[in-house]
Amino acid sequence: MTAIPKFTRRSFLVSSAALGGGLALGLRLPPFGPAVVRAADGSPEITVWVAIRPDNTTLIRAVRAEMGQGTITGLAQLIAEELDCDWNKVVIEYPTPGQSVARKRAWGDFSTGGSRGVRASNEYVRKGGAAARMMLVQAAANEWKVPASECVAANSVITHKPSGRKTTYGKVAEAAARLEQPKDVPLKDPKTWKIAGKPLKRLDTAGKVNGTMMYGIDVKLPGMLNAAVKDCPVFGGKVKSFDAAQVAGMTGVKKVVQVGDSGVAVIADSWWHAKTALEQLSIVWDEGPNTKASSADIAELLKAGLDADQAFVGNQAGGDVKAALAGAAKKVEAVYSYPYQNHACMEPMNATVRWTPERCEMWGPTQNGEGAFAQVLEASGLPADKVDVHNVMLGGGFGRRGTYPNDYVTQAVLIAKQMPGTPVKMIWSREEDMAHGRYHPVMQCKLVGGLDASGNLTALHMRLSGQSILAAVRPEVVQAQKGRDPLSFQGVFESGEHSFSYTVPNLLIDHAMRNTHVPPGFWRGVNINQNAVFIECFMDELAEAAGQDALEFRRKLMAKHPRNLGVLNAVAERIGWSKPAPAGIHRGLAHLHCFDSFVAAACEISVKDGNKVRVHRIVAATDPGYAVNPAQIERQVAGSFVYGLSALFFQECTVKDGRIEQTNFHQYNSMRIAQMPKVETILMPTGGTVWGGIGEPTICVAAPAVLNAFYRATGKRIRSVPMKNHGIELV
Amino acid sequence: MRLTINGKSHEVDVDPTTPLLWVIREQVGLTGTKYGCGVAQCGACTVHMNGLPVRSCSVPVSAASGAKITTIEGLASGKTLHKVQKAWIDHDVPQCGYCQSGMIMAVAALLRTNPKPSDADIDAAITNICRCGTFVQVREAIHAAAKAA
Ligand code: FES
Ligand code: FES
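If you read the protein sequences in the order shown, they are chains A and B.
All residue numbers for the first sequence refer to this note's numbering, where the first residue is 1 and numbers rise by one.
All residue numbers for the second sequence refer to this note's numbering, where the first residue is 1 and numbers rise by one.
For the record, the hints were derived by calculation from the structure and aren't laboratory data.
All of these numbers come straight from a predicted model, not from anything done at the bench.
Treat the hints with care, since some could be wrong.
Claimed, not checked - Calculated lysine-lysine pairs in the DSS-like style (CA-CA distance at most 30 Å, straight line):
hint: 1; chain 1: A; residue 1: K612; chain 2: B; residue 2: K116
hint: 2; chain 1: A; residue 1: K446; chain 2: A; residue 2: K579
hint: 3; chain 1: A; residue 1: K198; chain 2: B; residue 2: K83
hint: 4; chain 1: A; residue 1: K188; chain 2: A; residue 2: K171
hint: 5; chain 1: B; residue 1: K147; chain 2: A; residue 2: K254
hint: 6; chain 1: B; residue 1: K8; chain 2: A; residue 2: K201
hint: 7; chain 1: A; residue 1: K166; chain 2: A; residue 2: K188
hint: 8; chain 1: A; residue 1: K89; chain 2: A; residue 2: K145
hint: 9; chain 1: B; residue 1: K68; chain 2: A; residue 2: K220
hint: 10; chain 1: B; residue 1: K116; chain 2: A; residue 2: K201
hint: 11; chain 1: A; residue 1: K89; chain 2: B; residue 2: K116
hint: 12; chain 1: A; residue 1: K201; chain 2: B; residue 2: K68
hint: 13; chain 1: A; residue 1: K556; chain 2: A; residue 2: K716
hint: 14; chain 1: B; residue 1: K8; chain 2: A; residue 2: K220
hint: 15; chain 1: A; residue 1: K240; chain 2: A; residue 2: K198
hint: 16; chain 1: A; residue 1: K238; chain 2: A; residue 2: K171
hint: 17; chain 1: B; residue 1: K8; chain 2: A; residue 2: K678
hint: 18; chain 1: B; residue 1: K86; chain 2: B; residue 2: K8
hint: 19; chain 1: A; residue 1: K220; chain 2: B; residue 2: K86
hint: 20; chain 1: A; residue 1: K331; chain 2: A; residue 2: K678
hint: 21; chain 1: A; residue 1: K678; chain 2: B; residue 2: K116
hint: 22; chain 1: A; residue 1: K220; chain 2: A; residue 2: K194
hint: 23; chain 1: A; residue 1: K656; chain 2: A; residue 2: K678
hint: 24; chain 1: A; residue 1: K292; chain 2: A; residue 2: K656
hint: 25; chain 1: B; residue 1: K147; chain 2: A; residue 2: K201
hint: 26; chain 1: B; residue 1: K147; chain 2: A; residue 2: K678
hint: 27; chain 1: A; residue 1: K198; chain 2: B; residue 2: K8
hint: 28; chain 1: B; residue 1: K68; chain 2: A; residue 2: K198
hint: 29; chain 1: A; residue 1: K194; chain 2: A; residue 2: K127
hint: 30; chain 1: B; residue 1: K79; chain 2: B; residue 2: K116
hint: 31; chain 1: A; residue 1: K220; chain 2: B; residue 2: K116
hint: 32; chain 1: B; residue 1: K83; chain 2: A; residue 2: K89
Sequences and hints are given; from them, build the entire structure.
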């Protein structure tokens, strides 16, 4: 028990250590009905999402990761809404993956990516809340010997309407926990929501303003040591040799260990000592086959793909593009490109692991508890009932802390394994974090459009050439698609949550897959970042060639895409598109359909000396179907623009001698408050059966809107990111 | 070496070149001050030294000996939050929160020397990185804190 650090409010069930296997067995109370599972404090679990304390506190369970996006608050709102509990007495508990596995994945998917946190779990968590309410009401009705239909619940209080009798959730929780869960669980009409849908404050702020919030980097365990690690700077390389004796005598150093094939770690009493020693250690690398790789070579590889015969088709909505282009009155052609980018989460990668031959546990930040669990399982060599993962608050995630092969969790286990019984906290330096990202994939794109004599777009060929994330990370998906990576087409795909939002009579969007040795990853927005730049900047080019207004030109192609049209019209109207911009101000706009949300942005910028860009204002509209917390959505929209505009203006990871050249924020800049535009968010959820994502979609519309405005300001089309490579600054 | 942190004196046995940040985190055990870059770029490690904001990753501990150091844990007076912390809660500023200790310390120092900063003053003084992008709320909360007595 001493091993459980105090930040874990996982009083949850009986602690896994105490049970020896992490099994949540529940306490049978025969003969009165089904088993009651209890929280460690004895509170009965009503459904897996809800336990109630006698004092009426509601324990809401959450398994998706919180990395700042507000998902936990949103999910709690949804559960509390259906539960009709007192919002001021909600406490969050975090079941571990081990506990979930032991209960046949009672909590479902832990993974928190693809803007799925709320939208993919909304239905079952709401049902978990609603079922609990029904059971609590039923328990009260049983006690009063009245029909449940005569009772109502609000604010954790149950009232028998005819008699006015009242009781609390806390008082009937024991009895409710013994009832069978109802099968038919109707959900509220979102129009009647009182907790969900409201701009409530986050639940996790207090500890973030006084230094008490525990992040992975802050984990402290009794007897813990610290590790600094260095992996071969050339991806695909290996450790050849190192001389541990060289640093063995340095202050605090306990051990120097190899980490898998490719890494070396120094374990010391403090991280600073470990890092200092690691810097002194000369490691001989076998740098492998990629030591000659450079950004220029990679660009050549991609360039060749732009005209390659073979490509995977992502969208071919009828027609014959070649013939139509050949017969077009006017042809427009452009080539765009998008670089490697690192997530640069504010908190560098880290994980703390204690390994013994009997048990292995990890404490650390992950966007996918179950994915990390699988990695700990594999690296520890132990069976599932002897392994667990304790997630903590993430200092940013943005896709970096998803599950990637041979990543930081695996490293931490491999290190701890060489110190049996001693917990070891491994922290990457910022430099290591920059050198071993899972990078936004590189992509080039050639677009060819054909206009008829009246300036109508009759044909469009969009050829992507570049790296596939899924080929590296989920090869089974790519195999099942006969080599195609469907995610490459996010925002321009033939159907689904990322479908194309224009109708073009002759259309072909295809992808020449060109993979490199640089490991790619899911970077907030994933492939919408480049796809939105490609298609939305090119739409402006086409509109200009057609001699038409950029908005009008788009609208004509969007009759069958009413929700995209809705958000586009909304931003156009708010920015005043139909009226001339103030002197010195230039406008641009863009939109996309992605992660099942419809998003658009219109911006106003000014440009001084031809290269100093000031973004004054961005109007952003989003239609995510449902809005669970408007205040947090506004924050996600504005935050996504900081992430997206930092990428547009400053960020590129270049490859030289097989390794990434940028080492820290001085070469990989991020926006500051002085550069922050005014952001006006228009939230226009239109309901329906599909819930859209929030954390990612809007990120992609800022960059093309700004690029389009930059063209209007200067007459220069910038077709490659980042803008710093063109001598352009954000001021 | 003696360090005075949040009004308490600490005897630490470390190499004098050790960055103040790591002494605060590892020897003194106050982990509210964060590591983000180690090279004075991001501001996550901001603490006050004699009332002035410093990026503790780039201050050798020897330079801090004898100074009055305040970390995020020492910003409140007892149970009463500092007005910047209060404004941060009122405006629901933090997202992941990792940068916010440094952000709050930088802002608290700004308000001490410039109690009613203009937007331009804020732009010049607050250069912390926030990857989550909380700047809209940060600015609102600074103005609110400046208005608070
Ligand atoms: S950690 Fe000190 S400025 Fe970044
Ligand atoms: S709140 Fe996450 S980095 Fe600022």
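The hints, checked one at a time:
1. K612/A / K116/B: Roughly 29 Å between the alpha carbons, so the hint for K612/A and K116/B holds.
2. K446/A / K579/A: violated (33 Å)
3. K198/A / K83/B: holds (26 Å)
4. K188/A / K171/A: The given pair, whose Cα atoms are some 25 Å apart, holds under the 30 Å limit.
5. K147/B / K254/A: violated (52 Å)
6. K8/B / K201/A: Violated - the C-alpha atoms of K201/A and K8/B are around 34 Å apart, more than 30 Å.
7. K166/A / K188/A: This hinted pair holds, its Cα atoms lying about 23 Å apart.
8. K89/A / K145/A: holds (28 Å)
9. K68/B / K220/A: Given that 30 Å is the threshold and the Cα spacing comes to 26 Å, the pair holds.
10. K116/B / K201/A: holds (26 Å)
11. K89/A / K116/B: Not OK: K89/A and K116/B at ~37 Å, beyond 30 Å, violated.
12. K201/A / K68/B: violated (35 Å)
13. K556/A / K716/A: At roughly 26 Å apart (the allowed maximum being 30 Å), K716/A and K556/A satisfy the hint.
14. K8/B / K220/A: The hint holds at about 22 Å.
15. K240/A / K198/A: With Cα atoms ~58 Å apart, K240/A and K198/A exceed 30 Å; violated.
16. K238/A / K171/A: violated (62 Å)
17. K8/B / K678/A: Violated, at about 42 Å.
18. K86/B / K8/B: With a Cα-Cα distance of about 24 Å, the restraint between K86/B and K8/B holds, given a limit of 30 Å.
19. K220/A / K86/B: With Cα atoms ~28 Å apart, K220/A and K86/B stay inside 30 Å; holds.
20. K331/A / K678/A: At roughly 38 Å apart (the allowed maximum being 30 Å), K678/A and K331/A break the hint.
21. K678/A / K116/B: holds (21 Å)
22. K220/A / K194/A: violated (40 Å)
23. K656/A / K678/A: Given pair K656/A, K678/A is violated - Cα atoms ~38 Å apart, limit 30 Å.
24. K292/A / K656/A: holds (7 Å)
25. K147/B / K201/A: holds (21 Å)
26. K147/B / K678/A: Status holds; Cα separation ~21 Å.
27. K198/A / K8/B: violated (43 Å)
28. K68/B / K198/A: Violated, because 44 Å separates the two Cα atoms, which is more than 30 Å.
29. K194/A / K127/A: Answer holds: K194/A to K127/A is near 16 Å, not above 30 Å.
30. K79/B / K116/B: holds (25 Å)
31. K220/A / K116/B: Violated: K220/A and K116/B sit about 40 Å apart, past 30 Å.
32. K83/B / K89/A: This hinted pair holds, its Cα atoms lying about 26 Å apart.
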